[in-house]
Each structure stands twice: as C-alpha cells, then as structure tokens.
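Going down the list, the protein sequences come from chains Y and G. If you use our numbering, the first sequence corresponds to residues 7 to 120, in order. If you use our numbering, the second sequence corresponds to residues 160 to 274, in order.
In case anyone wonders, no lab produced these hints; they're calculated from the structure. Just so it is clear, CB atoms sit at the ideal spot from N, CA and C, and this is done for glycine as well. Errors might be hidden in some of the hints.
Example chain G residues on the side facing chain Y (calculated, C-beta under 8 Å, incomplete) [claimed, not checked]:
{"no.": "1", "residue": "200"}
{"no.": "2", "residue": "202"}
{"no.": "3", "residue": "225"}
{"no.": "4", "residue": "262"}
{"no.": "5", "residue": "266"}
If you want the ones that stay clear, here's a sample from chain G, every Cβ over 12 Å from chain Y, calculated [stated by the list, open to error]:
{"no.": "6", "residue": "172"}
{"no.": "7", "residue": "177"}
{"no.": "8", "residue": "211"}
{"no.": "9", "residue": "215"}
{"no.": "10", "residue": "219"}
{"no.": "11", "residue": "221"}
{"no.": "12", "residue": "228"}
{"no.": "13", "residue": "230"}
{"no.": "14", "residue": "242"}
{"no.": "15", "residue": "245"}
{"no.": "16", "residue": "264"}
The residues making up each chain are set out below.
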Amino acid sequence: GQQVMQIPQYQHVQEGEDFTTYCNSSTTLSNIQWYKQRPGGHPVFLIQLVKSGEVKKQKRLTFQFGEAKKNSSLHITATQTTDVGTYFCAGIKNSGGSNYKLTFGKGTLLTVNP
Amino acid sequence: ETGVTQTPRHLVMGMTNKKSLKCEQHLGHNAMYWYKQSAKKPLELMFVYSLEERVENNSVPSRFSPECPNSSHLFLHLHTLQPEDSALYLCASSQGPSGGGRTQYFGPGTRLTVL
Chain Y
7 GQQVMQIPQY
17 QHVQEGEDFT
27 TYCNSSTTLS
37 NIQWYKQRPG
47 GHPVFLIQLV
57 KSGEVKKQKR
67 LTFQFGEAKK
77 NSSLHITATQ
87 TTDVGTYFCA
97 GIKNSGGSNY
107 KLTFGKGTLL
117 TVNP
Chain G
160 ETGVTQTPRH
170 LVMGMTNKKS
180 LKCEQHLGHN
190 AMYWYKQSAK
200 KPLELMFVYS
210 LEERVENNSV
220 PSRFSPECPN
230 SSHLFLHLHT
240 LQPEDSALYL
250 CASSQGPSGG
260 GRTQYFGPGT
270 RLTVL
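When you get a sec, could you build the whole thing from the sequences and use the hints?
See the structure below:
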C-alpha cells in the first residue's frame, strides 16, 4: 500500500536556527498537504501543494513539492518558540474516479530552545 | 476553533464497557472522518463518511462501530476494547463527497484509556 515516510522524527533547534522536514512517498501523489499539531492539540491545516515543482511561502515557512510529485519539504527560517509542535505531511493519491486516499506521515516533532 | 467539536475530551473505560464518542461539525461539510493517533505511529484513518454513507473502512476491528446519522454528526461506538486501543481519537470533516484533496478540519480529539 501507499507509504509516506517523513524525516527526521525529532528535531531540536536553538531559537533563530532553521528547520527542515522531508516527506517521501512510495507512489506518485495527486497533491500533498501539511498540518501542524501543537503539543496537546489537534492537527491544523497549513497548506496544500498541487503542481509539480510548486513552491509556496507563508511568512517564515516555505513548502516545496518535488518535480516527480513524490516528495515534499517544509522549511522554517529563523525558528521561534511558537513553531514548536509536530509537523505532518499527508499525501493524497487518486485511487480511482473521484476517490482519493489521504495517507499521513509519522510527523516531525520540532522543539525550540529559547 | 469550534468548527469541529468532540465529546468527551477524556474517557477511561474497562475492557467490558460500552461507550460512544461523539463528533459534531458546524462547517456545513459533507464528509467526516475518524482517525486514531497513537504514540510513535502515523495518524491512522479508520472510517470515512461521505454524504452520510460509509465510503471507507480501513480494516478496523469490529469492536469499533461508526454511525453517521446526518452530515453534522458522527459517532464511534466502542465495546470490549483492548488496552492497545488506548489512543487519541480524532474526528475531522471536509467539504466534498470524496474528501480527498480537501482541507480537513480536525476536532480536539478524545483521549481514550482502556484499562
């Protein structure tokens, strides 16, 4: 079945350092979504990438979708303590007709030392 | 955010108990989902309902029984659970019959502990 691998599993940084998490799919994706889950909270949608090679930015966050639509990355510039949480990618594959399957990665837990 | 609510927020039950988790969405969506989130494992999709019809059941044991009486409400009935079923159970909703490719809005979850 479809697998979505996400690395690293954990990342601890000093405030002000950059952070990147990577997501790789075993199959070509229709699109990919990124979510953030704060400690004790629930996943909150960040962004969706659809096009091959797409790059989107949200303030200090940069999201990329690979040319082959099998990998993606989230990069945070100059981390802040408010960035703490687990970042999940979710790959979406067209499984036929109008049916899509959403598969989450295990997530990367980011901790930031002030 | 109050778009998707879940009750109870915490639940402790014995293996012989029967309980139900409730989810309600106030976003006018027509697809709803149950996920299981365990430590060190990815979010596991359990059930998908689209227009009140179950469209996906990911090999979930029969001790979990979903119910979707209308597009705003989703239940997960639990009976004779095992300790390994202890987890955070998340409900989500999205717009669109297939749900895929659409933003999913998650509820706060129910933290379930099975003794």
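Do the hints match the structure? See the list:
1. 200: This hint holds: residue 200 of chain G lies near chain Y, its Cβ roughly 7 Å from the closest one there, short of 8 Å.
2. 202: OK, holds: residue 202 of chain G within 8 Å of chain Y, min 4 Å.
3. 225: Where the cut-off is 8 Å and the nearest Cβ of chain Y is about 17 Å from residue 225 of chain G, the hint is violated.
4. 262: Holds: closest Cβ of chain Y sits about 5 Å from residue 262 of chain G, inside 8 Å.
5. 266: 6 Å, holds
6. 172: At about 21 Å from chain Y, residue 172 of chain G clears the 12 Å cut-off, so the statement holds.
7. 177: The claim stands: residue 177 of chain G keeps its Cβ more than 12 Å from every Cβ of chain Y (closest is about 25 Å).
8. 211: Non-interface label on residue 211 of chain G holds, nearest chain Y Cβ at 17 Å vs cutoff 12 Å.
9. 215: 8 Å, violated
10. 219: Given that every Cβ of chain Y is farther than 12 Å from that of residue 219 of chain G, nearest at about 15 Å, it holds.
11. 221: 21 Å, holds
12. 228: 23 Å, holds
13. 230: Per Cβ check, residue 230 of chain G is outside 12 Å of chain Y; nearest 17 Å; holds.
14. 242: 22 Å, holds
15. 245: 17 Å, holds
16. 264: Incorrect as stated: the minimum Cβ-Cβ distance to chain Y is 7 Å, not above 12 Å.
Checked against the numbered hints given earlier, the structure breaks hints 3, 9 and 16 and satisfies all the rest.
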